[in-house]
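Visitor: End of the sequence shown = 152 in our numbering, gap-free, step of one.
Treat the hints as calculated values from the structure; they're not laboratory data. A portion of the hints provided could be inaccurate.
[Said to hold, decoys possible] Quick list of simulated restraints, FRET-style, between CB atoms:
{"no.": "1", "residue 1": "GLN123", "residue 2": "LYS64", "range": "35 to 43 Å"}
{"no.": "2", "residue 1": "LEU124", "residue 2": "GLU51", "range": "34 to 42 Å"}
{"no.": "3", "residue 1": "GLN147", "residue 2": "PRO69", "range": "32 to 40 Å"}
Where is the CB? At the ideal position from N, CA and C, for every residue including glycine.
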Amino acid sequence: MTAMLDVAMHQQNRPVSLTDISQRQGISQSYLEQIFAKLRRERLVKSVRGPGGGYVINGDLEDIAVTHIIDAIDEKSLLEGKIDCNTGKMITCDCDRQTSCLTQQLWSDLSDVMHEFLNHVTLAQLMEQHREYL
19 MTAMLDVAMH
29 QQNRPVSLTD
39 ISQRQGISQS
49 YLEQIFAKLR
59 RERLVKSVRG
69 PGGGYVINGD
79 LEDIAVTHII
89 DAIDEKSLLE
99 GKIDCNTGKM
109 ITCDCDRQTS
119 CLTQQLWSDL
129 SDVMHEFLNH
139 VTLAQLMEQH
149 REYL
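Go ahead and model the full structure; you've got the sequences and the hints to work with.
Guide: Dropping the structure here:
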């Protein structure tokens, strides 16, 4: 999400390079390459080759919801309620006791609410919020 927001904020004059994103956001360039391959495959960004190349957002910022980005990079655990029933922390696999977990429905409901909320938050809104904090 941070990398997409960085591109949205810095693409006005030229495409944004992964090196620039990496330096500004402290995200490894190899990880960014993996993420942007997925974003490009889902047509959320376009790559520009050659000197001064990089990435630009493909489309209007108002039309790109946070859930589109999460789905593109396959971070579904953020929205599917994959949460350890004992600790409430996000995990990468389903709770071993999912059928008997007393709080699984709570986490599942929370996941549904988060998905609905994030489906209505756009890159344009995130940019505006960031500008208000500056």
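Visitor: Indicate, hint by hint, whether the structure satisfies it.
Guide: Structure-based check of each hint:
1. Under the hint 35 to 43 Å, the C-beta atoms of GLN123 and LYS64, about 42 Å apart, fit the expected range.
2. Distance hint check: the CB atoms of LEU124 and GLU51 are about 37 Å apart, consistent with the given range 34 to 42 Å.
3. Separation of GLN147 from PRO69 is about 34 Å and conforms to the stated range, judged on CB atoms against 32 to 40 Å.
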